[in-house]
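Spelled out, the chains give:
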Amino acid sequence: MSTTTPTYHALKVDAQKCIGCTHCMTSCPTEAIRIRNGLAVIEQKRCVDCGRCMRECPAKAIYAEQDDLDKIKSFKYRVVLFPSVMIGQFPEKYTEDQIYAALLKIGFTHVYEVEQPIGFLKDSIREYCRKDKTYKPHISTFCPSVVRLIQIRYPSLVDNVIPRKSPQDLGACFALEQMKKLGAKREEIGLFYVTPCIAKMSSVKSPADGEESIVDGIINMNELYNRVRKNISTAEVPDTSDQRENLTRDGILWSLTRGEAKHFGERSMAIDGIHNVIKFLERLENEEVPDLDFLELRACDQSCAGGNLLSGNRFLTAERLEHRAKRYKSSLKFKDHPIQEMAPVLKSKLISEPLKANPAFILDENREKALEKMSKMQRIICFLPGIDCGACGAPNCQALAEDMACQQAKMSDCVFLQQTWQEENKISTSKALNNMEKKWGKDRFKADCNKRGRRNEGF
Amino acid sequence: MELDFSIEGGDFTQAGQASSRVKKVLKQLGVDAKCIKSIVIALYEAEVNVVAHAYKGQIHIQIDKDKIQTLITDEGPGIPDIAMAMTEGFSTASKKVREMGFGAGMGLPNIKKNTDELKIDSVVGQSTTVSMVNYF
Numbered sequence: 001m002s003t004t005t006p007t008y009h010a011l012k013v014d015a016q017k018c019i020g021c022t023h024c025m026t027s028c029p030t031e032a033i034r035i036r037n038g039l040a041v042i043e044q045k046r047c048v049d050c051g052r053c054m055r056e057c058p059a060k061a062i063y064a065e066q067d068d069l070d071k072i073k074s075f076k077y078r079v080v081l082f083p084s085v086m087i088g089q090f091p092e093k094y095t096e097d098q099i100y101a102a103l104l105k106i107g108f109t110h111v112y113e114v115e116q117p118i119g120f121l122k123d124s125i126r127e128y129c130r131k132d133k134t135y136k137p138h139i140s141t142f143c144p145s146v147v148r149l150i151q152i153r154y155p156s157l158v159d160n161v162i163p164r165k166s167p168q169d170l171g172a173c174f175a176l177e178q179m180k181k182l183g184a185k186r187e188e189i190g191l192f193y194v195t196p197c198i199a200k201m202s203s204v205k206s207p208a209d210g211e212e213s214i215v216d217g218i219i220n221m222n223e224l225y226n227r228v229r230k231n232i233s234t235a236e237v238p239d240t241s242d243q244r245e246n247l248t249r250d251g252i253l254w255s256l257t258r259g260e261a262k263h264f265g266e267r268s269m270a271i272d273g274i275h276n277v278i279k280f281l282e283r284l285e286n287e288e289v290p291d292l293d294f295l296e297l298r299a300c301d302q303s304c305a306g307g308n309l310l311s312g313n314r315f316l317t318a319e320r321l322e323h324r325a326k327r328y329k330s331s332l333k334f335k336d337h338p339i340q341e342m343a344p345v346l347k348s349k350l351i352s353e354p355l356k357a358n359p360a361f362i363l364d365e366n367r368e369k370a371l372e373k374m375s376k377m378q379r380i381i382c383f384l385p386g387i388d389c390g391a392c393g394a395p396n397c398q399a400l401a402e403d404m405a406c407q408q409a410k411m412s413d414c415v416f417l418q419q420t421w422q423e424e425n426k427i428s429t430s431k432a433l434n435n436m437e438k439k440w441g442k443d444r445f446k447a448d449c450n451k452r453g454r455r456n457e458g459f
Numbered sequence: 460m461e462l463d464f465s466i467e468g469g470d471f472t473q474a475g476q477a478s479s480r481v482k483k484v485l486k487q488l489g490v491d492a493k494c495i496k497s498i499v500i501a502l503y504e505a506e507v508n509v510v511a512h513a514y515k516g517q518i519h520i521q522i523d524k525d526k527i528q529t530l531i532t533d534e535g536p537g538i539p540d541i542a543m544a545m546t547e548g549f550s551t552a553s554k555k556v557r558e559m560g561f562g563a564g565m566g567l568p569n570i571k572k573n574t575d576e577l578k579i580d581s582v583v584g585q586s587t588t589v590s591m592v593n594y595f
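Going down the list, the protein sequences come from chains U and P.
Last residue of the first sequence? That's 459 in this note's numbering, and every number before it is there in order.
Last residue of the second sequence? That's 595 in this note's numbering, and every number before it is there in order.
So here's chain U without its partners, still in its complex pose:
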């Protein structure tokens, strides 16, 4: 059932910046974070790259690794592939042409928007949904965070996930084919994908179906946005609209909430926000929902307009995209368009391997041992106060009990328990303080206006 190759995760904790607070830990939807020695530690197996922790971190200590933009210089053809949602971040005073011009100025030679060939994906998903009647509702593979969440936490739903690639995989194939048509050799092309979120970064580096990624580099959208803002001007620039001739209204709206759901099935649903998605998947797994055909599930509020590597306001971004989409034709109008020549090549590349479950919440591979740990957990929880304060370095009392049962934590990690032990003379005050310092860092409890956590905290 489980995959053996380690999954790449883009999220990293900067030990220099981390102030060892509990914001990331308590916001993580899969309880993947613990505080050890005064620093946040992410359990890779449980992380779904949703980036909630990065949003919540008051010290900006959680970050994503990215490729150096200078890497593009080593290629003859430097292709930038960005999702349409990037356009939505810019103030309306900048036209699409001006944004394209700035990208060329930065050093790219060719510009592609991910959603150009979306019509093929739409047709392919529709065909799959029509044929398969066994695994309903069908769940979209659009959001990599949701796909990973299903793999680790809802293994019974892996077969419901539609075996189709995501728009960025398709967009990358499309851009490469187009470049080859122009006479470029593969080794001359540097294909750089601009990611709106952590999850897409991870999924491009290590796709959920285990295949190899085809892009040559990944650029964080924040970073590129800054570069474009530096190079953009409202001066007159050459007309680049022919480069967007394949772009459709459906494509531009695809990454927004209901962008997919409105196209498929009699009864479809769109849910955004990872906590909302989790609540729904729990119900779906219990079959507490009506017969639905299609589910569009996305980790970010307002879908990709709320992506964690975007800098604009998510509502304004969504509004600009909706406004922009009105100027483009529906993909239905592309039936006789020259883009259809690409159909034979792209259609086969759209199919992905069926998703494998990778359950991450098992206490022990051995059932008997797991049961033992579970009973131990039940006994431990009786002693914990149920305050869920996080002062032990685990997100709540239940999680601490689990860590203890798995020998990842001690009873004395609970500050309340330790306090009562002191009262009963079971532990000395100096030993107790020593325990707390081990967890939260030396000198953490001394008065010091310049210590970590003092200056950066706040709302």
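Keep in mind the hints are simulated off the structure, nothing from the lab.
Treat the hints with caution; some may be incorrect.
[To be verified] Here are some, though not all, of the chain U residues that point toward chain P, as calculated from beta-carbon distances under 7 angstroms:
#, residue
1, Pro155
2, Asn286
3, Leu363
4, Glu368
5, Ala370
All C-beta atoms in this analysis are idealised placements derived from N, C-alpha and C, irrespective of residue type, glycine included.
Add chain P to chain U, keeping to what the hints say.
Positioned in the frame of chain U, the structure of chain P alone reads:
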């Protein structure tokens, strides 16, 4: 390992608590996903039955390495004809309950379909006891 829950009759907002908790536990024990699904569906149906028909009920669950045993006892009207109640589509649920999306008469047949062993005992006007066993 044992788990206990109590159910209040008529409180539909609480139906599903036991099944959600059991689901989490079984996942942590590494039970096969399809097996968990059956157990959760059966338990949820049983919970809804108590909420919809009885005054109050108790759930007692015993989990061993190879099986889960569930005993649901309630104080309620009882089932006069168990064989009839096992027929798909048969329902005695009130109009109010049906309007809430429950009471389609699939409850007991659905439980039967999703359990390996099922035993129902009932004293009309007093109580119903449902005993289910699922092997992992």
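Exercise for review: So, U:Leu363 near chain P? Judge it on the closest CB pair being under 7 angstroms.
Suggested key: With a minimum Cβ separation of about 5 angstroms from chain P (threshold 7 angstroms), the hint on U:Leu363 holds.
Point to revise | U:Asn286 as chain P interface residue, shortest Cβ-Cβ below 7 angstroms | key: 5 angstroms, holds
Check your understanding: Hint check: is the beta carbon of U:Glu368 less than 7 angstroms from a beta carbon of chain P?
Key -> Since chain P brings a Cβ to about 5 angstroms from U:Glu368, closer than 7 angstroms, the hint holds.
Review point. If you take the shortest Cβ to Cβ gap from U:Ala370 to chain P, is it below 7 angstroms?
Key: 5 angstroms, holds
Exercise for review: Using Cβ atoms only, decide whether U:Pro155 comes closer than 7 angstroms to chain P, and label the hint accordingly.
Suggested key: This hint holds: U:Pro155 lies near chain P, its Cβ roughly 4 angstroms from the closest one there, short of 7 angstroms.
Comparing the model with each numbered hint stated earlier shows that all of them hold.
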